[in-house]
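For the record, the sequence lines run as chains A and B. Counting in my numbering, the first sequence runs from 1 upward without gaps. Counting in my numbering, the second sequence runs from 1 upward without gaps.
Hints in this document: simulated from the structure, not taken from any laboratory.
Since the list gives no way to pick out one identical chain from another, each pair is judged satisfied if it fits inside one copy or across any two copies.
With a straight-line Cα cutoff of 30 angstroms, these simulated BS3-like cross-link-like pairs (lysine-lysine) come out: (1) K120 x K363; (2) K381 x K339; (3) K34 x K96; (4) K147 x K96; (5) K54 x K34; (6) K285 x K363; (7) K120 x K9; (8) K120 x K34; (9) K34 x K285; (10) K184 x K391; (11) K147 x K120; (12) K12 x K308; (13) K381 x K12.
There are 2 protein chains.
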Amino acid sequence: MRLSQLFTKTSKTVPADETARNAQLLIQAGYVYKVMAGVYAYTPLGLSVLENIKQIVREEMNAIGGQELIMTSLQRQETWETTGRWDDETVDVWFKTKLQDGTELGLAWSHEEIIVEMMKQHIHSYRDMPVQVYQFQTKLRNELRAKSGIMRGREFVMKDMYSFNVDAEQHEIFYNRSIEAYKKVYERLGLDDDTYVTFAAGGAFTEFSHEFQTICEAGEDFIYVNREKGVAVNEEVMTDENLAKLGVTRDELTKVKSAEVGNIFNFGTEKCETMGLFFTDESGKQIPVHLGSYGIGVTRLMGVIAEKMADDRGLVWPAAIAPARVHLISIGEDDEATKLYDALTQAGISVIYDDRDVRAGQKFADADLLGMPHRVVISKKTLEQNSVEYKARTQSDSELIALDKIKDLV
Amino acid sequence: MRLSQLFTKTSKTVPADETARNAQLLIQAGYVYKVMAGVYAYTPLGLSVLENIKQIVREEMNAIGGQELIMTSLQRQETWETTGRWDDETVDVWFKTKLQDGTELGLAWSHEEIIVEMMKQHIHSYRDMPVQVYQFQTKLRNELRAKSGIMRGREFVMKDMYSFNVDAEQHEIFYNRSIEAYKKVYERLGLDDDTYVTFAAGGAFTEFSHEFQTICEAGEDFIYVNREKGVAVNEEVMTDENLAKLGVTRDELTKVKSAEVGNIFNFGTEKCETMGLFFTDESGKQIPVHLGSYGIGVTRLMGVIAEKMADDRGLVWPAAIAPARVHLISIGEDDEATKLYDALTQAGISVIYDDRDVRAGQKFADADLLGMPHRVVISKKTLEQNSVEYKARTQSDSELIALDKIKDLV
Numbered sequence: 001m002r003l004s005q006l007f008t009k010t011s012k013t014v015p016a017d018e019t020a021r022n023a024q025l026l027i028q029a030g031y032v033y034k035v036m037a038g039v040y041a042y043t044p045l046g047l048s049v050l051e052n053i054k055q056i057v058r059e060e061m062n063a064i065g066g067q068e069l070i071m072t073s074l075q076r077q078e079t080w081e082t083t084g085r086w087d088d089e090t091v092d093v094w095f096k097t098k099l100q101d102g103t104e105l106g107l108a109w110s111h112e113e114i115i116v117e118m119m120k121q122h123i124h125s126y127r128d129m130p131v132q133v134y135q136f137q138t139k140l141r142n143e144l145r146a147k148s149g150i151m152r153g154r155e156f157v158m159k160d161m162y163s164f165n166v167d168a169e170q171h172e173i174f175y176n177r178s179i180e181a182y183k184k185v186y187e188r189l190g191l192d193d194d195t196y197v198t199f200a201a202g203g204a205f206t207e208f209s210h211e212f213q214t215i216c217e218a219g220e221d222f223i224y225v226n227r228e229k230g231v232a233v234n235e236e237v238m239t240d241e242n243l244a245k246l247g248v249t250r251d252e253l254t255k256v257k258s259a260e261v262g263n264i265f266n267f268g269t270e271k272c273e274t275m276g277l278f279f280t281d282e283s284g285k286q287i288p289v290h291l292g293s294y295g296i297g298v299t300r301l302m303g304v305i306a307e308k309m310a311d312d313r314g315l316v317w318p319a320a321i322a323p324a325r326v327h328l329i330s331i332g333e334d335d336e337a338t339k340l341y342d343a344l345t346q347a348g349i350s351v352i353y354d355d356r357d358v359r360a361g362q363k364f365a366d367a368d369l370l371g372m373p374h375r376v377v378i379s380k381k382t383l384e385q386n387s388v389e390y391k392a393r394t395q396s397d398s399e400l401i402a403l404d405k406i407k408d409l410v
Numbered sequence: 001m002r003l004s005q006l007f008t009k010t011s012k013t014v015p016a017d018e019t020a021r022n023a024q025l026l027i028q029a030g031y032v033y034k035v036m037a038g039v040y041a042y043t044p045l046g047l048s049v050l051e052n053i054k055q056i057v058r059e060e061m062n063a064i065g066g067q068e069l070i071m072t073s074l075q076r077q078e079t080w081e082t083t084g085r086w087d088d089e090t091v092d093v094w095f096k097t098k099l100q101d102g103t104e105l106g107l108a109w110s111h112e113e114i115i116v117e118m119m120k121q122h123i124h125s126y127r128d129m130p131v132q133v134y135q136f137q138t139k140l141r142n143e144l145r146a147k148s149g150i151m152r153g154r155e156f157v158m159k160d161m162y163s164f165n166v167d168a169e170q171h172e173i174f175y176n177r178s179i180e181a182y183k184k185v186y187e188r189l190g191l192d193d194d195t196y197v198t199f200a201a202g203g204a205f206t207e208f209s210h211e212f213q214t215i216c217e218a219g220e221d222f223i224y225v226n227r228e229k230g231v232a233v234n235e236e237v238m239t240d241e242n243l244a245k246l247g248v249t250r251d252e253l254t255k256v257k258s259a260e261v262g263n264i265f266n267f268g269t270e271k272c273e274t275m276g277l278f279f280t281d282e283s284g285k286q287i288p289v290h291l292g293s294y295g296i297g298v299t300r301l302m303g304v305i306a307e308k309m310a311d312d313r314g315l316v317w318p319a320a321i322a323p324a325r326v327h328l329i330s331i332g333e334d335d336e337a338t339k340l341y342d343a344l345t346q347a348g349i350s351v352i353y354d355d356r357d358v359r360a361g362q363k364f365a366d367a368d369l370l371g372m373p374h375r376v377v378i379s380k381k382t383l384e385q386n387s388v389e390y391k392a393r394t395q396s397d398s399e400l401i402a403l404d405k406i407k408d409l410v
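Okay, chain A solo, but in the shape it has when bound (with noise of 0.2 angstroms):
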């Protein structure tokens, strides 16, 4: 991608309405714009990013027999008032609108109950199941506040899947292989070090759920955590009956800032017996299904990646997810620099090519700004000894590396 033609610009100026970095620093480069609080649509470079992340999650999903689909946004009261959610007084997060007809719809800020409802055309037999179902889904949720940017939106993306299994021991087995799934994610991501299956409390069919937090000074939540023993637990199951249960003291256990990016839950088969979802068992019984639900907020995840990594002078983005490999710059060098632009972009590594007519030193700081992981620079100078220059972006000093050695580094 030329810079030169990439239709957003830098800027210098930290957007005065945003207090949370990640917001403030996706503003400035060009990868969100804010169309108000909690509300951001996504420009070229930062969709890429969230299709980077996405793709990731998707193919996690995937190895443990997701099966994606879409649902909608749309979501009729019928469907949620069959479990009381409908009532403004018990979701207080509710975005409701009206047909023509004064009918009353709600704006899906969860899809637990519309895919129970759908999976009754399809599950009737023991035979139907183990079976689960994900999406990517923009959700609505009307947030009183919205201060932390992409980190905590009222519309943002999120993958929730759904495991719909016939008793609790098959429905043990697929929630245990979804925490290995997430796992894999956030080691993808680079969050591995950070990131903690943290125990939250359990509801009425287990002793504890999981959550996966990752520490963050810029996250809503607090968790105690023992890094050595790999252990974290959530404010509400604190107690000393709990820690012994996990191997831990209170002494043990750091507090410390974090956000939630992926939760697990276990509903057991009271959704279901409530919806009516049941199948008939080997001996011709009906019985209803055992639900479980996990979520990965997929914009969130960005933006604590965002928060994170960032330094003092802009975005790091981890390979895995950057909008492209090298951020590669000419000083005056532009036939050179294309024809290194052309040979990585042949050689199917994706390049960010400042081919812009400003000045060197708005080229640095754009890269630094714009996060890309290798930065090369092509000058007269570099040329000279048949070199370019080299920088990681987490590296503070450049190298001279020679131009055929180049595509082998990055």
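Please build the complex by placing chain B on the supplied structure of chain A, with the hints as guidance.
This is chain B only, laid out in the frame that chain A set:
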């Protein structure tokens, strides 16, 4: 994909609440799930077709320099008030909702205003143009009636592109390139023979605007078409004066039902002037930007293809967008069928493999209903001749093909 693993089930029952053939078939075959009139979820097979169509559109938009982004559903009242389009009297398809503090919000039925507003951050000089951006966006439109299945939704996917140019001349260049790109899209979808660039009323800035209309009995429009001359007009422009300009007479035109599968529109400078999107020209003068918009109804296209190509046995997908190329049926020969499934898959050929434990008749009926381009059957009888039974979805008779030749055929 093994059919035994796919969670959706086919149904022999025509949905009682659907009059549109596309919705009937897509529901029966398990491609979509109806949430309410005009609101459909896309299950794995349906999502696959949708993504294949999107990818074709994406490639053609990228080829003419389109930059992909994604805007938001939630919209601010102030943005739409600048052009007078917030008013429900002016725009009668708004869904509106409210923030918790009572602030009214709109749910995007279009993104023209918001994209122009965003561009104020990025377009300042004549050097910043030409630029064109596009998105695949879920639009919400509060249609009074929604009886055409996925051909007219209250929630549907559209590709909308916007061009920003310095003047009418620069605009014209891109406008004409977009017509060619649109033609390529319909050609790749197999709709080119029946899709016409149709002259429609032009508005303040141009004599004509252009719609892309596909001849389709289930469409909601009428056009007047001359197949030999390749000319089509809509009712608005059926004056003798206009027809003379287009080189046809009234007698040479046939009235046919059609579906609008795309439209392109020249806004001139009016909207940018109203909204304050100006640039500095070479002489330092402030000039309003010249705007164009370019739509393709992605879910509608899927509906049109379902309607037009289906026969009385079920769906018929063009190879370019089918969920898989091959529908493989095992009749009591699962070992050999699995070997072929693996061989085809490894050769990069996508396969739906019916490995279910159901009778042969149901497998044949489902292959027709699901509509993959190529059907391959393995049975004891075919294996005796070291062959498979092959039938294209559009053929009525099958033929024996040697096992080692089938890969080349599909």
